[in-house]
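J.: Protein sequences, first through last, are from chains A and B.
The first sequence begins at 1172 in the working numbering and counts up by one.
The second sequence begins at 1172 in the working numbering and counts up by one.
Because the hints were derived from the structure by calculation, they are not lab data.
All values reported here derive from a predicted model rather than from experimental measurement.
Mixed in with the good hints, there may be bad ones.
A pair counts as met if it fits within one copy or between any two copies, since identical chains are not told apart.
Derived DSS-like pairs (lysine-lysine); straight-line CA-CA distance at most 25 angstroms [what the hints assert, rightly or not]:
| hint | residue 1 | residue 2 |
| --- | --- | --- |
| 1 | K1189 | K1300 |
| 2 | K1378 | K1396 |
| 3 | K1216 | K1432 |
| 4 | K1360 | K1307 |
One-letter residues, chain by chain:
There are 2 protein chains.
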Amino acid sequence: MRPIGVFDSGVGGLTVAKELIRQLPYEDIVYFGDIARVPYGIKSKETVIRFSIENILFLLKAQVKLICVACNTVSSVALPVIKNHFKVPIVGVINPGAREAVYATQNKRVGVIGTRGTIASRAYENEIKQLDPQVKVMALSCPLFVPFVEEGWVEGEVVLRVAREYLKPLKDSRVDTVILGCTHYPILKPVIRQVLGENVTLIDSAKQVAMEVKKILAQEGPLNKSRHSKHEFYVSDNPEWFSSLAQRFLGQPVRNVKKVK
Amino acid sequence: MRPIGVFDSGVGGLTVAKELIRQLPYEDIVYFGDIARVPYGIKSKETVIRFSIENILFLLKAQVKLICVACNTVSSVALPVIKNHFKVPIVGVINPGAREAVYATQNKRVGVIGTRGTIASRAYENEIKQLDPQVKVMALSCPLFVPFVEEGWVEGEVVLRVAREYLKPLKDSRVDTVILGCTHYPILKPVIRQVLGENVTLIDSAKQVAMEVKKILAQEGPLNKSRHSKHEFYVSDNPEWFSSLAQRFLGQPVRNVKKVK
Chain A
1172 MRPIGVFDSG VGGLTVAKEL IRQLPYEDIV YFGDIARVPY GIKSKETVIR FSIENILFLL
1232 KAQVKLICVA CNTVSSVALP VIKNHFKVPI VGVINPGARE AVYATQNKRV GVIGTRGTIA
1292 SRAYENEIKQ LDPQVKVMAL SCPLFVPFVE EGWVEGEVVL RVAREYLKPL KDSRVDTVIL
1352 GCTHYPILKP VIRQVLGENV TLIDSAKQVA MEVKKILAQE GPLNKSRHSK HEFYVSDNPE
1412 WFSSLAQRFL GQPVRNVKKV K
Chain B
1172 MRPIGVFDSG VGGLTVAKEL IRQLPYEDIV YFGDIARVPY GIKSKETVIR FSIENILFLL
1232 KAQVKLICVA CNTVSSVALP VIKNHFKVPI VGVINPGARE AVYATQNKRV GVIGTRGTIA
1292 SRAYENEIKQ LDPQVKVMAL SCPLFVPFVE EGWVEGEVVL RVAREYLKPL KDSRVDTVIL
1352 GCTHYPILKP VIRQVLGENV TLIDSAKQVA MEVKKILAQE GPLNKSRHSK HEFYVSDNPE
1412 WFSSLAQRFL GQPVRNVKKV K
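One chain only, chain A, in its complex shape (with noise of 0.2 angstroms):
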């Protein structure tokens, strides 16, 4: 009855916790948030992949039988170089996205938008290639999104207008699928669907990733089927600013969030 480890910079990765909650509700969960050196979109490769590497160990004292990567960030910046360091199953974000897409897209246009450094780092666009070389991808950064939706300007005026800015490109673009590429993103998905119209596909990464781990965690036998779970949070600084907001990502309160060192 080992737990799934979770693990994301900050409290974004919640939006994939909730998914691992409503596909998976008997396993136990264990959460990390790196608040104390939030945000990783703007630092270096190799300061990524260490924090990357200790948050991992942090989640193998917790005895987790399978790590997912609830940050982008780390998903297309440091899983490439740590993946095959560790025994432990890992799985990010960015696969599942990219795969669904593929799957989704018939005009072979897809959009791709997320952080500057998820972005620039072309993980999208890497993995698409790979899966098929004739979609086109589109993949833009739209770094205010986590902002407003920190700030909960999550509807109304400005962040429409901030949401029409950043994804014209997209639309003029005729992209007919957008993976929202960054684990704050779903919570401006009514936002977003209002800017780029009713026929674009929104790929939501948290809940193909959510389906990804019921899938790895299947093959290694059955899934629990009834039981008392427990989720538990861990944060590296500010309990308080993270249970603030937990609940807006969680879809539910949480409480006990624990620091450690």
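Knowing the structure of chain A, use the given hints to seat chain B on it.
T.: For chain B alone, kept in the frame of chain A given last:
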């Protein structure tokens, strides 16, 4: 010929460095930006204190003769605790800004804007109340201003709308003086001015801090009058990111940013 030390969690402190260079053109400056751990605003008090001590120790190794804390969060949260630990004079941004505001206000109504951490600390309020208990202080946080500045969205309809929304309570409370209590905010001065009108005095802490530094140095002996000064910039991560933003804050390009552990 020892240099002045300046530190901030990131790039914002460069608006203070800019004023130091303008007012003390013949002084050497060593600037440290803690990019690896930015932002401090959401971190706990004990973490901010620990980071600040580490930054001060780094500057002391460079033989600085005075340390300028070019960060409102550190000045409000950590400085009261650590100020007396060190022999070197340490100048924060709170007291100089508060003094100027008390001096400037005619109707004894002062507004303060800053990050959430700075406002929650009530540092400006306490300082102003000590200087003049009759002054009414209206303090409010504008958390989206920093990301807007860092993304370069410093003019136009979107940031103007954000400013209108944030500053409405200040307009309603008829303050005649407003402290820009965050080192990023001077860059939004035109927008803030547009929202608050010409009759409100905007207090730019950077200017006041540089004047305070000048005063302290003058007390200890004559200031340098003519020589080539040296300005050095150190960061704890990602010198490229720092350089790309630096010009906006410093008013001149920054080359040769060095990364330290």
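J.: Take the hints in turn and mark each one as holding or not.
T.: Hints and how they fare:
Taking the shortest Cα distances, K1189 and K1300 never come within 25 angstroms of each other, neither inside one copy (29 angstroms) nor across copies (46 angstroms). For the identical chains of this complex, K1378 and K1396 are intra-copy neighbours only, at 20 angstroms inside a copy versus 65 angstroms across copies, given an alpha-carbon limit of 25 angstroms. Within a single copy, K1216 and K1432 get their C-alpha atoms as close as 23 angstroms, and across copies as close as 15 angstroms, so both meet the 25 angstroms cut-off. Taking CA atoms no more than 25 angstroms apart as the test, K1360 paired with K1307 passes inside one copy only; the shortest distance there is 23 angstroms, against 42 angstroms between copies.
Checked against the numbered hints listed earlier, the structure breaks hint 1 alone; every other hint is satisfied.
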